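Fit chains R and G to the given chain P structure using the hints.
Chains as they are written, first to last, in our numbering: chain P, 65 to 282; chain R, 12 to 227; chain G, 16 to 294.
Since the hints were made in silico from the structure, they are not lab data. Only a predicted model underlies this, so the values are computations on that prediction, with no experimental measurement involved. One thing to keep in mind: the hints can contain errors.
[Said to hold, decoys possible] Residues on chain P that point at chain G, a partial pick, calculated with CB under 8 Å:
| hint | residue |
| --- | --- |
| 1 | F133 |
| 2 | Y134 |
| 3 | G144 |
| 4 | P145 |
| 5 | E163 |
| 6 | I224 |
| 7 | W227 |
| 8 | R239 |
| 9 | F241 |
[Claimed, not checked] Derived DEER-like restraints, expressed as beta-carbon distance ranges:
| hint | chain 1 | residue 1 | chain 2 | residue 2 | range |
| --- | --- | --- | --- | --- | --- |
| 10 | P | L93 | G | K226 | 52 to 62 Å |
| 11 | R | T24 | P | V119 | 22 to 32 Å |
| 12 | R | Q128 | G | K153 | 55 to 65 Å |
Ideal placement from N, C-alpha and C gives every residue a C-beta, glycine not left out.
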Amino acid sequence: MPPGSLALLAQGAVVSLLLAAAAIVGGTLLAVLLATIAFSRFAAVRAVYRVYVYVVRGTPLLVLALLLFYAMPALDLRTGPYIAGTLVLIVYTGALFAEVFRGGVLAIPRPQWESARSLGLPPLAMFRKIVAPLVTRYTLPPYVNVCVMSVKASSVLSIISVWELTLAAREIIERTFAVFTILGLAAAFYFVMCFGIDRLGRLLERHLALKGFAGERA
Amino acid sequence: MNFARWVAIYGPTYLTGLGWTAVTAVGAACGALIWGCALLLIRLSAGRWGARGVDAYVQLFRNTPVLLPIYLIYFAFPMIGLPWPAVVCGGLALILQNGAYISEILRGSVNAIDRVQFDAARSIGLAPWSTFRKVVLPQVLVYSIPALGNQTVLLLKDTSLLSAISITELTMQAKLLTEQTGAAYEAFIVVALLYLLLVSGTEVLFRVTHRAVRWR
Amino acid sequence: MLTSRIRHVVAAALVAILVAAGSPAGAQEKSRLDIVLERGKLIVVTLTTVPPFAFNDDKGQLVGFDIDIARLVATALFKDPNKVEFVSVSAEGRWPAIESGRADMGVGGTTTYPDRAIRVAFTRPFIDSGISVLVSKKSGIKSLKDLDQDKYTIANLNNPQMADRAKRFFPKTKILTFDTPAAQFLAVKSGRANALQIDTPSAEYWAAQNKDEMDVLPGLLGASQNNGIFMKPGDFKWWLWLDPAVAEMRTGSWYPQYSEIYHKWFGKNPPPQKFYLQQ
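Isolated chain P (complex conformation):
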């Protein structure tokens, strides 16, 4: 294995993780906003949501990234590949998280809404005691899934010169030609990160179920 490559790959992995973290945080915030729009009273506002999700889910991430990367000059943003890449990831994960949240809310059986209302609970309490636990239970697995997808999506950004794990691996390979070793190591790093997030999610799920937070499970 070429000297120093492990350190470089580790640094790249950290950058990938940071990009994914930014995408998860930003995407979740964006998704809360989008999900609110999705349930708006006005059909026109709901249509905005549908168009947004349709476009973001129907276009490859690479094309979205290239579009923003080349559109940067026109928007007069003094940004480089990193900002463009992070923005694209947030736009992308925002759409995915929004669909997860929307699905979670829709999955709550009608009787729950009606019984909650019949209990005469104020909206905030209703949200806290009834909606949130159920939505969490339904959305945690797909939410964790999107988190894992964020880590994998960060590798696409290597094509617009964002230095992260995949680009680090590519640079080492182009210098030393140790293709199998380096790609194997890079795959190992990704595996640890993604599998780790997946396991953390399962642990969280079980923890929440034990506390009765997730409704019927306990």
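Same frame as chain P, now just chains R and G:
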């Protein structure tokens, strides 16, 4: 240059890209379906070790980005004496990746088949392979059509990554046109629209197929 | 009630659009020279896989002739060669990085072409270049004529000039297009392509590093060319500083420093300052 004129002049150049995207997507989708069925068969018939092997395979491809196998097969295989053409390399990477997901989709559907059917198949003396072919597979495939449609859309979008190994599909075409004409927006907006068209077309196709076979 | 809500939304949208439209005009008034001097640091966009112009050495440090030239520019501005930040991009990423204002100037084996000059402005050349063809010895290609056959593949960079040259000099050869010179080189090394076209110094560097496997075809594809520093077009004040700076490096007061850098990377003296001055 305004958008309409740009499209009129450079529109036809997208046809090559469209062709390659369609060809690789269709080829890889069929290949991935076959490979997914093969993985399912291994899982069902090769006992505990078969199931564990398939599990490991699926976990590997679920937790690594698809760019890595694309680079690996394209750049490394010639070094060990397998210089396959770029389309084969890219297609193979997509098949290996999506086959894993498809086998999971099919696995979920297998559980939906009533246990009774397996007993009935054994009682009329059907061999395991025939059981798989005549009883399990048709029902599993029909049941999975919506999820398979979803996976096909993901595969279609992943073909854009094949631009990294110099396949002249839609994304590569857009990059070349941007360099050639300096028109950043137009090139990529047209490509985005074309992808949306392909994705919608695929979704419609699967929905129609689902409706057509569901009456069974 | 509904209509007043809609009116509020429309008003807010109009204000947002006007604000967004108004700001770019303001941002363009200052010259890049003033911005750089204020900032105290130079930001340079560069390719990072074109040895010996700009590449990563074994320790992973970005080095090269163009890198040292950029540091010389920083020295001229701030008396400190380390007041530079390098932004690494792939070939097509050079122009958006300049156009968006992310970088002040760019280097990295970038050749001055008239059609390219529509998008970015160039200084006069700081080094001569030209395009050569690097071939793998295994392919048995000995001349351009040999290359021009259906059974061979050449690795190009994804800019239109490469495509034009391919069409002009070897139309029958199959073409692969990559986004960095290193990817081109990896293609030849792994056997994906039999040849690549790149700036002569880079081709010669790679051939020297891989004496058993690779060779440079004699002759240039086309004419001798000029590599210059590129920047955002329309910023006359910035160009008016950078261009004389390059002129002084090649033919004036900064010739000794330029000579030193040239010697370091090419092992020989640069062309004389003026034709009538003998070395």
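Going through the earlier hints one by one, which of them does the structure break, listed in rising order? 5
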